[in-house]
Amino acid sequence: MFPKDLLYTKSHEWVKIEGDDVTVGITSHAQEELGDIVYVDYSNIYEDGEFTVEEIKKGDAFCSIESVKAVSDVYAPITIKPTEINSDLEDAPETVNQAPYENGWLLKGKMVNEVEKGELLSAEEYEKFVEEEKG
Amino acid sequence: MEEKNLKHTPLTEVHQKLNARMVPFAGYLMPVQYESALLEHLAVRNSVGIFDVSHMGEVFIEGEDALSFVQKLTCNNAKKLKETQIQYSALTYPNGTFVDDLLVYKFNDKKFMLCVNAANREKDYKWILSHKEGNVEVFDRSDSYTQIAIQGPKALETLQPLVDVNLSEIKYYWFKPGKVLGTDAIISRTGYTGEDGFEIYFSPEKAPEVWNALLEEGKKFDIKPCGLAARNTLRLEAKMALYGNDIDDKHTVLEADLGWICKLKKGDFIGRDVLLKQKEEGIKIKLVGFEVKSKVPARDHYPVYIDGKEVSYVTSGSFAPYLKKNIGLTYLPIEKSEIGTEFQIKVRNKFLEATVVETPFYKREKK
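If you're matching them up, the sequences are chains A and B in order.
Quick note on numbering: the working numbering labels position 120 of the first sequence as 120, and the sequence is numbered without any gaps.
Converting from the second sequence to the working numbering requires adding 1000 to each position, the first position being numbered 1.
So that you can see chain B by itself, here it is in the shape it has in the complex (with noise of 0.2 Å):
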């Protein structure tokens, strides 16, 4: 694509004058690393790093049927989110796989946002416009908000002072409504790092007014701004899932080893048919991590080996620069997932040794 096609975030020039380096990515300009994708890494699991999500996009599902619809589209519980809660979920296809993942808000049994992935932003709309039933009403507000993401452990000392709420109140996955410098933003401590973090969403008009003060209050602790890069590694460590490389519409919720975002007994959703009985008859293959014991790091779409005969493929991998090790994601034959499992990984005509390891690759130590 064009560059002069790309769509900007309201922080494109901030990001070009900080000399990030942009690329393509979902239709946006985005940055992809600033100074050191792996500087940038760890500033976020040892001090903190803000990034640029305004490409993320925010559907609201408003009306009296507001809830009844939500639990029909996707396969966690939305019934079980308290006001201000947050919750992971999928919107399903009627075979069980990923129309996308996303981030379910409730603001009360009628209004509902979901933050859903650039790329499939709409794709999502228009199968959620076309699934309509009941009282509600479908609004794409991307355009309203610029995302920025906080995160790492000093996440909540370099917002607080921007903020009019107490973070310390927010709960890992609530929000709470509230004001940054003292503009309108739905304040939600999620992310996508692996990390404690928030996420804030407010207008686009003092997005680089919110990201220099945060740049600025985080000085302190060596904050950095991050790219795509830092974000695909951080959460690739944190072992979550990426649209388009982990979950797709090949494969599904279950197999995808997503099980507890689908909540079967939950009453009827789209694609409930097709994995309750995949749940009955077992799944044949499964998402799982691996190390590769070489220097030499799998990356995406390598293809994978077991017996000397091509299985899968790597849907994600790349170096840990936290874990300092090089570490991936594949589907693999169920009676071959075991943790402990050894295969073979193809990189330019010679094989890797990878074995089945316990995910996530990378957990934080809570408080």
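This is chain A alone, in the form it adopts within the complex (with noise of 0.2 Å):
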């Protein structure tokens, strides 16, 4: 039901990593509980073309994504320094609906520490929790 190849949070992000490159995004059952996404809003981290921190710390909210019926943090899964926004979600931002995995991917960058991976979930761990939290 998950992709095999990520790494997920109890806040359902998933995380993408190869060697030290990251790639951040939401589940597909976060996008699905969140429903109609119409605005990805990075302004905690990112200002006129820029990023305004240089390091996200694993835990902090680095993107709110404002869907019809509420607003949600996003939480990075992991220390990340930042290097690229998905600045195709300003004009489309119900990509996270469609392609949650893929080009609804919200933050990329490189992995900071990597004792940090251990702490995440694989897809099958995030099942599981995932129906435990649907009772």
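No wet-lab data here; the hints were simulated from the structure.
For each residue, glycine too, the CB sits at the ideal point set by N, CA and C.
Each hint should be verified, as a subset may be incorrect.
[As the list claims (entries may be wrong)] The list that follows gives simulated cross-link-like pairs (lysine to aspartate or glutamate, DMTMM-like), each with its CA atoms no further than 20 Å apart:
#1 LYS1293/B <-> GLU47/A
#2 LYS1295/B <-> ASP48/A
#3 LYS1346/B <-> GLU47/A
#4 LYS1325/B <-> ASP91/A
#5 LYS1293/B <-> ASP91/A
#6 LYS1295/B <-> ASP88/A
#7 LYS4/A <-> ASP20/A
#8 LYS1350/B <-> ASP73/A
#9 LYS1324/B <-> GLU50/A
#10 LYS1295/B <-> GLU50/A
#11 LYS1171/B <-> GLU1157/B
#12 LYS1325/B <-> GLU94/A
#13 LYS1017/B <-> GLU32/A
#14 LYS1324/B <-> ASP91/A
[Said to hold, decoys possible] Simulated coverage check for chain B against chain A, where a stretch passes if three residues somewhere in it have a Cβ under 8 Å from a Cβ of chain A:
#15 1026-1039
#16 1290-1303
Starting from the two chains in their separate frames, assemble the complex, guided by the hints.
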């Protein structure tokens, strides 16, 4: 149900780690819970074409996702030196609903501390967590 | 509240089968959305959608003095109502604020039905009982009725095959007693979406059958079952007030910009003295509609600033799916309530620029 090559958090982010390159997004489950996404707000970390922070600590909110129903923060699964936000989402925020693991990614950057990787959930563990949460 | 303590409507299981996302609302387990709140909203604007609104309360006032009692409880002029006509009104406190807003259905001078908000149902019933005067009886018959709203330009065509009355003969804010799939029903041309449509009240036993028949009839119009999220954005675009957000026991009917339901010349009613005085002296704050220019929506309860000072908060705020703008409502000082006035809304430690605009934000084209 959830891609096996990704790692997950209990706050419903996924992270793809290739060497020290990191890509972060929200899971298909999270986008379903949020419903129709109308805006992704990076103003926490990014302004006028530049990052306003050098590093996003594990657990820090790096963007806010506005849906028709609600607003929700997205947290860094591990500590990241950010290199890129997904600027395509400015005009097409619904991409996060449509392709949460591909074109709907939220942040790219460099891994800072490999040890943190061990605290993330595997696809199986995350699926189990989602089932439990549904009760 | 634990899910197990929540009340179910006669349609709860039907919603669950449709994979609706269920949330607690006013003590009920209610569908907030099915597939997409956005598409549900657009379905109502462009075609047709149906809503389970069985959580709404139905309180009946019956007896010789029913009319004069309704006149005393509510601020609109119930005397103007003809038989089978409906009026938007409010139950008012002595200080001119809201016990609730409601629809008054007149069957005849001796029988009225009040359709009240789910969250206020018990409070309203107690309030009404405690002010009872003359020869009247008050009945809370909420549990005897399922209420389904059929809303949108294709509402009439969707509902017509299921009922025994000619729907085109019912004017906006009128109703007709009739039958839906053979069962007694109150068929009312009303709604909370800013669109043409109907609300039908009938026996809970028939609820799933009627709901499914509506979905079947509406198939050719791409009908959608709609949840509370779409209901909220639809009513906000139409600037229909939500109790607990835009109207409450802190703001008067006049401050809520509902002077049109406040008939001070009709004679005495609870709250009249205060409202009369407020009208003479002029209100100091007023509920206004605003638009924010940024892509970030201003949401309920976000603080409102004028000249760097926090003066108010957003009572309702959202992305408006049909208008594709970020809109909302807030109370502003009267001298800052003119159309075009600019102010700020604080969102996550930054400020959004907002402008007071004409309301309703959305108005349907009348045929």
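Can the restraint linking LYS1324/B and ASP91/A be considered satisfied, given a maximum Cα separation of 20 Å? Measuring from Cα to Cα gives roughly 13 Å; hence the hint holds.
Holds or violated: are the alpha carbons of LYS4/A and ASP20/A at most 20 Å from each other? holds (19 Å)
Restraint status (C-alpha distance of LYS1295/B to ASP48/A at most 20 Å): Roughly 15 Å separates the two Cα atoms, so the pair holds.
Sort out whether ASP91/A lies within 20 Å of LYS1325/B, counting only the CA atoms. holds (14 Å)
20 Å limit on alpha-carbon distance, applied to hinted pair LYS1293/B and ASP91/A: Satisfied, since the Cα-Cα distance of roughly 15 Å is no more than 20 Å.
Decide if the proposed pair is consistent with the structure: LYS1171/B and GLU1157/B, CA atoms, cutoff 20 Å inclusive. Cα-Cα ~15 Å, so holds.
Is LYS1324/B within 20 Å of GLU50/A, Cα to Cα? violated (28 Å)
So is the stretch 1026-1039 of chain B in contact with chain A by the C-beta rule, three or more residues under 8 Å, or is the coverage claim wrong? The restraint on the stretch 1026-1039 of chain B holds, since 6 of its residues have a Cβ under 8 Å from chain A and three suffice.
LYS1325/B and GLU94/A: Cα distance at most 20 Å? The given pair, whose Cα atoms are some 16 Å apart, holds under the 20 Å limit.
Checking one constraint from the list: CA of LYS1295/B to CA of ASP88/A, max 20 Å. Satisfied? holds (14 Å)
Check the hint pairing LYS1293/B with GLU47/A against an upper bound of 20 Å on the C-alpha distance. Within the cut-off at roughly 17 Å; holds.
Is LYS1346/B close enough to GLU47/A, meaning Cα to Cα at most 20 Å? Holds. LYS1346/B to GLU47/A sits at ~17 Å (cutoff 20 Å).
Violated hints amount to a single one, hint 9; each of the other numbered hints is respected by the structure.
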